[in-house]
Amino acid sequence: MSFRELRNFTEIMRALGYPRKLSMESFRSPNFPLVADILYWLVFRYDPLASLSDNIETPDDRVAFLQAATHIVASKARIRMKSKNLYAADGRAVREMLRLASTLYEAVRSHTSAETGWGMVAEEDEHGEALASDLDAKLSGGEAVRDQARAITERGVTLFGLLEDEEALREDRAKALRFLDAASSKVGHKEEQAYVEKSVRDALREAEEQTAALQRQISELEADEKSLTARLSKTKAELERSQQRLATVKNVRPTFMDQYERLEAELAEEYAAFVRKYRNLDFLEQELTALEEREKSKAAASNKALQLLQAQLEEEAVLFDRGDENVSDKAFAAVREGAGGRGGGEADGDEAPVPVPRPRAAAGERPGAAVPGGRMDRPAGPKRHVARGSMRAPEDADDDEDEDDVDEDGESDLGSADGESELGSEDDLGDEEDDEEFEDDF
Amino acid sequence: MRLTILEPASQPHTGVVACVDWVSPTGGASSSSSSSSGAGGRGASRGRGALELVTAGDDGSLQRWVPGLDALEATGPAAEAGVAVTGMAWLGSGGRGGGGGGGGGAGTVVALACSDGTLRLFNALTGREEKQAAATSAGAAVCVAADADGAVLATGGEDGSVKVWSRAGMLRATVAMADAPVFAVSWSAGADRILFASGRTLAIKSVAGDRAGKASVSWTAHDGPVLCADWSPVHSLVVSGGEDGKYKVWDSEGRALFASAPLLHPVTSVAWSPRGESFAAGGFETLRLCDRAGWSLARQSLAASGVGSGKAAAAGEAAAGAGGSAARAGAAGAAAADGAAGADDASGGGGAAASDAVPFGSVLALSWSPDGTALAVGGAAGRVVVAQPLGRRVSEGGLFAEHSAPREVRVVDASDGTTESLELRDRVTHLSLAYGRLVVCTETQCCVYDAAKRSWATPHVTDLRSPATLLLQGARHILVADAGGSLALLGEDGRPASTAFSAAVARGLGATAARAAACADDASLALAPDCVAVLDRADGRTVRVFETRSGRPVGVPYVHTVAVRQVALSQFTPGLAERRLAIVDSAGDLWVTPVLVHEPEKLASMVESAAWCDAADALLACADGRRVLWHCPSAVWVDRDLCEAAREDVAAPAFGRIPRVLSYRGSRCVVRRGDGAAVHASVSVNTPLLYGLVRGSRWEHAVRLCRQAKERPLWAALAAMALNASQLDTAEIALASLGMADKLAFVLHVRDVPSEEGRAAEMALFRRCPDEAEAILMQASPPLVYRAVKLNVRLFRWERALALAREHDASSGKGGLTELVVAARQRLLDALGREETIASFQSAAQAVGTVDEARVRATKDRERSAEQSAVAGGAYGGSA
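Chains as they are written, first to last, in this note's numbering: chain V, 2 to 443; chain L, 3 to 882.
For the record, the hints were derived by calculation from the structure and aren't laboratory data. Treat the numbers as computed from the prediction; the structure is a model and nothing was measured. Yeah, the Cβ is synthetic: ideal placement off N, Cα and C, and Gly gets one too. Fair warning: there could be bad hints in the mix.
What the hints assert, rightly or not - Quick list of the computed label-pair ranges, beta carbon to beta carbon:
| id | chain 1 | residue 1 | chain 2 | residue 2 | range |
| --- | --- | --- | --- | --- | --- |
| 1 | L | 75 | V | 34 | 32 to 42 Å |
| 2 | V | 31 | L | 219 | 56 to 66 Å |
| 3 | L | 651 | V | 159 | 54 to 64 Å |
| 4 | L | 513 | V | 34 | 54 to 64 Å |
| 5 | L | 176 | V | 49 | 49 to 59 Å |
| 6 | L | 176 | V | 31 | 23 to 33 Å |
| 7 | V | 166 | L | 590 | 47 to 57 Å |
| 8 | L | 84 | V | 31 | 43 to 53 Å |
| 9 | L | 135 | V | 64 | 36 to 46 Å |
| 10 | L | 219 | V | 35 | 29 to 39 Å |
| 11 | L | 82 | V | 146 | 50 to 60 Å |
| 12 | L | 220 | V | 31 | 34 to 44 Å |
| 13 | V | 34 | L | 84 | 52 to 62 Å |
| 14 | L | 422 | V | 152 | 37 to 47 Å |
Unchecked claim - Derived pair list, reagent style SDA-like, types lysine to any residue, alpha-carbon separation capped at 20 Å:
| id | chain 1 | residue 1 | chain 2 | residue 2 |
| --- | --- | --- | --- | --- |
| 15 | L | 133 | L | 173 |
| 16 | L | 712 | L | 746 |
| 17 | V | 22 | L | 265 |
| 18 | V | 227 | V | 246 |
| 19 | V | 85 | V | 107 |
| 20 | V | 22 | L | 226 |
| 21 | V | 199 | V | 215 |
| 22 | L | 133 | L | 172 |
| 23 | V | 22 | L | 202 |
| 24 | V | 22 | L | 816 |
| 25 | L | 604 | L | 617 |
| 26 | V | 22 | L | 267 |
| 27 | V | 83 | V | 110 |
| 28 | V | 278 | V | 289 |
| 29 | L | 816 | L | 856 |
Claimed, not checked - Selected chain L positions facing chain V (in silico; Cβ < 7 Å):
| id | residue |
| --- | --- |
| 30 | 117 |
| 31 | 142 |
| 32 | 245 |
Using the sequences provided together with the hints, build the complete structure.
Next up, the structure:
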């Protein structure tokens with residue numbers, strides 16, 4: 002045995018993919034099973050179709066195995082291996098096997114350098130010539146592979162489930178098997194037979210007990226049924242009796258019924274009368290309210306008209322004080338418009354005009370006015386109040402000489418008067434104050 | 003991290019490639035001449051031109067390869083052994099060791115273990131067989147290993163023999179005869195012990211017989227035969243791989259530090275990187291890169307790379323790149339667990355590319371290039387490739403630097419999202435980012451960039467004589483150890499700080515200089531602002547400290563009792579007098595000592611790793627699943643009780659098994675867990691503040707800080723520092739807060755001493771140094787003799803007190819002190835009811851006669867008032 006050969010042999014076997022681990026110490030002492038295993042593996046690596054028995058139990062079998070193996074190798078690979086050395090199963094056997102292994106290894110190496118890769122060689126036996134380099138082939142194979150993968154998964158799941166159960170079942174099965182073994186191997190053995198008989202008897206007794214229990218249950222149920230039927234018929238009879246009584250009671254007419262009906266009719270009449278009266282009262286009250294409303298609005302309208310008029314008059318008085326004759330017409334026209342517009346609905350108005358107190362009577366305030374003529378008559382307020390009550394009031398006012406004077410005086414200042422009237426309508430008080438200032442200046 | 007695979011255009015080997023090794027034909031020193039005269043010399047950079055790859059295997063031919071930056075080229079068969087080769091070892095350049103060999107191609111001798119059981123020495127350059135010897139009695143010679151200097155060989159044979167050979171191929175000794183084939187041998191750092199794998203066991207045997215202290219160990223390592231093992235000279239860790247599919251990391255005592263999960267196939271080869279921070283493990287078709295703690299940094303499927311066309315190689319590279327970028331995206335924010343994420347992604351990339359594959363077989367041979375930038379891989383299918391580890395990443399603040407391509411470093415600034423690509427002239431070997439500086443070491447240069455100013459265009463470049471083995475960045479200096487055996491010190495801006503440093507340190511280190519530098523790692527070198535501590539890797543116990551300014555040794559070398567695992571220097575307080583050295587030894591004990599005068603004190607046991615804070619003289623250690631912080635380790639020389647009180651001991655389950663403190667900056671520490679995750683933890687915020695205040699002598703503020711913090715350890719640290727600085731008021735407050743009434747009473751007593759020297763002496767007493775106290779008193783001018791006598795009386799050192807008193811009485815002629823001592827002694831004896839036993843006192847008592855109490859009192863008063871008046875007259879430094 003040489004260190005180098007042993008090292009190379011383990012290395013080559015590793016490279017060839019021998020599934021077991023080969024140690025440098027494997028062949029220090031004779032190890033025939035390992036030699037046989039390696040030889041068997043190598044022969045099948047060389048020719049997968051070789052027929053070789055793997056029986057090495059007795060020395061004769063071993064010799065036969067080695068002879069067959071060397072024969073195959075000699076015929077197929079033309080390598081003569083010495084069976085005697087192989088049988089020694091030590092370093093010399095390694096030397097013999099190394100020749101076969103290195104032949105295989107050289108083939109692999111040359112294949113690798115010539116062809117695609119090293120990893121392919123291992124699969125070559127299974128896939129034959131299909132080197133799976135063709136893309137189409139790969140694609141078509143994909144579907145099948147996927148199906149298979151799925152199937153594998155499913156099987157795996159099932160297997161896993163079963164294996165999980167196996168854990169629990171194993172013990173029982175082992176027991177059963179033990180028993181069966183015992184029973185079959187020792188027919189007529191007392192212990193097993195007694196056990197079987199006992200078991201059968203136990204089963205019988207159990208069945209009988211079960212039957213008795215069922216019978217007992219049946220009889221109990223029958224008794225129950227009977228009692229329930231009796232109760233049902235009793236309840237039905239009670240129901241019939243109650244219905245008959247109900248019918249007799251319905252046929253009897255109670256006393257005071259006639260009197261009750263008569264009083265009811267009377268009550269209905271009284272109630273109708275009460276309702277009528279109440280409605281009338283209500284209507285009258287409504288009328289009264291409406292009347293009051295109307296009067297109130299009328300009073301408010303006339304009040305406003307009076308106020309407007311009063312304002313106009315005051316302006317007029319101012320203009321007049323300045324010597325503007327024309328103002329009064331304009332002012333009155335404005336008042337007419339205001340009053341006429343609003344008083345449209347009072348055409349028939351026979352009511353007395355609402356007396357409007359004249360605020361800050363011009364006459365009282367302006368005793369020494371610049372225009373003496375007619376100004377002294379201005380306080381004749383009531384006269385104009387009456388006139389303003391009707392549509393014709395402005396015409397009466399036209400006749401008034403004072404107003405005419407004013408009109409004649411102030412023709413040229415029309416624009417300014419207009420402006421002032423507008424202002425005045427907006428802010429009477431301010432204007433008045435302005436006026437007062439002017440007066441003071443004067 | 004990730005591995006990129008460099009695939010040669012053609013593969014000349016026809017059989018199994020069983021061994022690969024890097025050969026530097028003319029040694030490291032004269033690389034420029036070899037690049038022109040050496041075979042090829044095409045476009046390769048200076049550093050790499052000298053390096054060649056030699057492979058051998060079952061076909062019996064030695065092949066030479068020239069590695070370029072992005073190509074690997076076979077230069078044809080170098081020699082024909084004519085027999086299958088199972089193991090190979092390069093005997094070193096030879097010239098360095100002192101004129102061995104000589105003549106052309108002396109550095110190209112390789113030792114081959116052959117399957118016919120012979121050991122053969124071949125000159126790889128000329129192809130001449132120089133020596134042939136039978137290494138085994140039967141069967142093949144399986145493995146051969148040379149020590150670091152190439153001075154001695156070891157072979158392992160199929161018959162179980164382990165033999166030691168001289169450089170010339172003469173058998174020296176048979177170290178062991180195991181009953182199973184020996185599949186792996188490896189030398190220890192000092193070439194005095196051999197590790198070998200036989201059957202399921204790993205064994206370490208001393209070459210020169212079992213001497214005391216170097217007993218042989220042997221342990222069952224794997225569930226199947228151990229196929230490979232490697233022993234790192236850097237940190238003396240062993241990695242082994244077995245047929246059970248696991249790789250395991252052991253320490254040199256055989257204690258298991260890591261065991262991987264079982265892989266699918268046996269682990270057929272392992273190799274430590276030259277810097278020892280990672281190892282490679284190869285199995286069937288796969289290659290793994292692992293951290294020294296065992297967790298996986300990267301995985302690469304070797305079946306992914308194609309032959310000839312290079313198409314598959316590109317695919318593999320792209321996959322690896324994708325894996326790398328995914329890892330980058332995943333770990334962009336936090337650096338924690340970056341290694342694990344990177345490894346996963348890279349493995350995903352490798353798996354994706356494996357469908358279109360060419361066989362590689364098991365990885366039977368691994369060899370790192372001396373600078374650690376390339377890993378040669380030989381496979382059972384006869385292929386040879388070179389793997390380059392890339393993707394190492396460092397970060398500080400918002401800045402991330404990644405070794406993204408062999409000659410490129412990519413810097414990402416997270417604050418504004420910009421990415422800079424730094425192109426270097428040669429392969430990048432080291433990368434470090436700290437204190438606002440990015441340091442990139444290539445094979446020939448050391449470039450220092452100002453990272454704080456983001457100035458990437460103008461690095462300060464220093465030429466390196468040989469490739470760096472270690473790059474250590476301190477606050478003020480950058481220390482570069484190179485394979486040529488020298489330590490160079492650069493200033494923080496990259497300019498050489500001291501021209502004399504390298505030579506002076508080399509002188510100081512003597513014969514051990516080469517190994518100290520070549521086998522340096524971050525545990526064997528420590529850098530402080532004013533000194534450098536170097537652990538001697540040869541004996542593992544001696545620590546030498548050198549000044550940074552001149553390179554002169556500081557004090558005498560410190561020799562520890564057992565092997566030292568880690569050295570660390572305190573960083574904060576300036577001045578060599580305050581510099582402390584912390585040592586974690588192989589027994590797991592943590593010791594501290596001042597660097598000037600060695601007074602080693604043990605602080606803790608079962609310590610895995612320790613680190614000093616950079617902003618305080620606080621020491622952090624991971625010990626037995628706990629995080630222990632000494633706020634003031636210097637207190638151990640002031641008062642051990644205070645040191646204990648200033649210790650903060652917190653259970654730290656988050657640190658896991660075998661944690662390593664990566665850094666302790668300010669109030670944050672980063673700890674690498676055994677499984678590779680980086681844990682960021684926050685430790686006391688107040689300690690750096692307290693040290694800052696004490697450095698500025700702002701004692702009131704320090705007191706206020708402690709009152710605010712209300713932490714007992716902080717008070718204790720303040721008390722210790724105040725006592726050390728003789729700030730008695732502060733010490734009084736701190737001791738009162740700690741509730742240490744006895745110490746407080748003593749401090750109050752000391753404060754009442756009028757003279758400066760008297761107080762210093764009392765403080766020396768407080769530190770339990772009575773001799774020092776007496777010396778202080780006697781060296782005052784005029785000497786405080788009365789106080790010294792009294793001190794000895796108080797301490798019951800009667801003879802010394804009497805001697806002093808007599809001396810003084812004789813010189814001054816006044817007398818009285820002797821009588822005083824005798825009186826005190828007499829009082830003690832009376833109180834105890836004892837007789838005088840000391841002869842000198844018996845005679846003194848006779849000389850004095852009867853003691854006059856009144857005279858004694860008068861003497862006392864006189865001496866006291868004399869001291870008072872002397873102080874008032876300004877004789878002693880200052881008053882209370």
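How the hints compare with the structure:
Look at residue 75 of chain L against residue 34 of chain V: about 48 Å separates their beta carbons, and that is not inside 32 to 42 Å. In this structure, residue 31 of chain V and residue 219 of chain L break the distance hint of 56 to 66 Å, their C-beta atoms being roughly 34 Å apart. Hint check: residue 651 of chain L to residue 159 of chain V, Cβ distance near 60 Å, so the stated range 54 to 64 Å holds. Between residue 513 of chain L and residue 34 of chain V the C-beta distance comes to about 59 Å, which sits within the given range of 54 to 64 Å.
At roughly 51 Å, the beta carbons of residue 176 of chain L and residue 49 of chain V sit within the given window of 49 to 59 Å. At about 30 Å, the CB distance of residue 176 of chain L to residue 31 of chain V agrees with the hint of 23 to 33 Å. Between residue 166 of chain V and residue 590 of chain L the CB atoms are about 56 Å apart, so this pair conforms to the stated range of 47 to 57 Å. Against the hinted window of 43 to 53 Å, the Cβ-Cβ separation of residue 84 of chain L and residue 31 of chain V comes to about 33 Å, which falls outside the hint.
Checked against the hint of 36 to 46 Å, the C-beta distance between residue 135 of chain L and residue 64 of chain V comes to roughly 44 Å, which is consistent with it. About 34 Å separates the C-beta atoms of residue 219 of chain L and residue 35 of chain V, a value consistent with the hinted range of 29 to 39 Å. Our hint of 50 to 60 Å for residue 82 of chain L and residue 146 of chain V holds, since their Cβ atoms are close to 53 Å apart. At roughly 28 Å, the beta carbons of residue 220 of chain L and residue 31 of chain V sit outside the given window of 34 to 44 Å.
Here the CB-CB span from residue 34 of chain V to residue 84 of chain L is close to 38 Å, at odds with the stated 52 to 62 Å. One distance hint, 37 to 47 Å for the beta-carbon pair residue 422 of chain L and residue 152 of chain V, is violated here, with the actual separation near 57 Å. At most 20 Å may separate the alpha-carbon atoms for a hinted pair to count; residue 133 of chain L and residue 173 of chain L meet this at roughly 12 Å. With a C-alpha separation of about 19 Å, the suggested pair residue 712 of chain L and residue 746 of chain L falls inside the 20 Å cut-off, and the hint holds.
Distance check on the hinted pair: residue 22 of chain V and residue 265 of chain L sit about 12 Å apart at the alpha-carbon level, within 20 Å; holds. Taking the CA atoms of residue 227 of chain V and residue 246 of chain V, the gap is about 31 Å. The hint is violated against a cut of 20 Å. Using a Cα cut-off of 20 Å, the hinted pair residue 85 of chain V and residue 107 of chain V is violated, with the two alpha carbons roughly 26 Å apart. Of the supplied pair hints, the one linking residue 22 of chain V and residue 226 of chain L holds, its CA atoms being roughly 11 Å apart against a limit of 20 Å.
Between residue 199 of chain V and residue 215 of chain V the CA atoms are separated by roughly 24 Å; this puts the pair beyond 20 Å, and the hint is violated. A distance of roughly 9 Å separates the Cα atoms of residue 133 of chain L and residue 172 of chain L; the hinted pair therefore holds under the 20 Å criterion. In summary, the hint linking residue 22 of chain V to residue 202 of chain L is supported, as the alpha carbons are separated by about 16 Å, within the 20 Å threshold. For the suggested pair residue 22 of chain V and residue 816 of chain L, the alpha carbons sit about 99 Å apart, so the restraint of at most 20 Å is broken.
Simply put, residue 604 of chain L and residue 617 of chain L have alpha-carbon atoms about 23 Å apart, too far for the 20 Å limit, and the pair is violated. With a C-alpha separation of about 8 Å, the suggested pair residue 22 of chain V and residue 267 of chain L falls inside the 20 Å cut-off, and the hint holds. The hinted pair formed by residue 83 of chain V and residue 110 of chain V fails the criterion: a straight-line CA distance of about 26 Å is larger than 20 Å. Restraint check for residue 278 of chain V and residue 289 of chain V: satisfied, since their Cα atoms lie roughly 17 Å apart, inside the 20 Å limit.
Between residue 816 of chain L and residue 856 of chain L the alpha-carbon distance is near 16 Å, which keeps this suggested pair within the 20 Å criterion. Checking residue 117 of chain L against chain V: minimum C-beta separation of about 4 Å stays under 7 Å; hint holds. Because the beta carbon of residue 142 of chain L sits about 4 Å from the nearest beta carbon in chain V, less than 7 Å, this interface hint is met. Here the hint on residue 245 of chain L is kept, as its CB sits about 5 Å from the closest CB of chain V, short of 7 Å.
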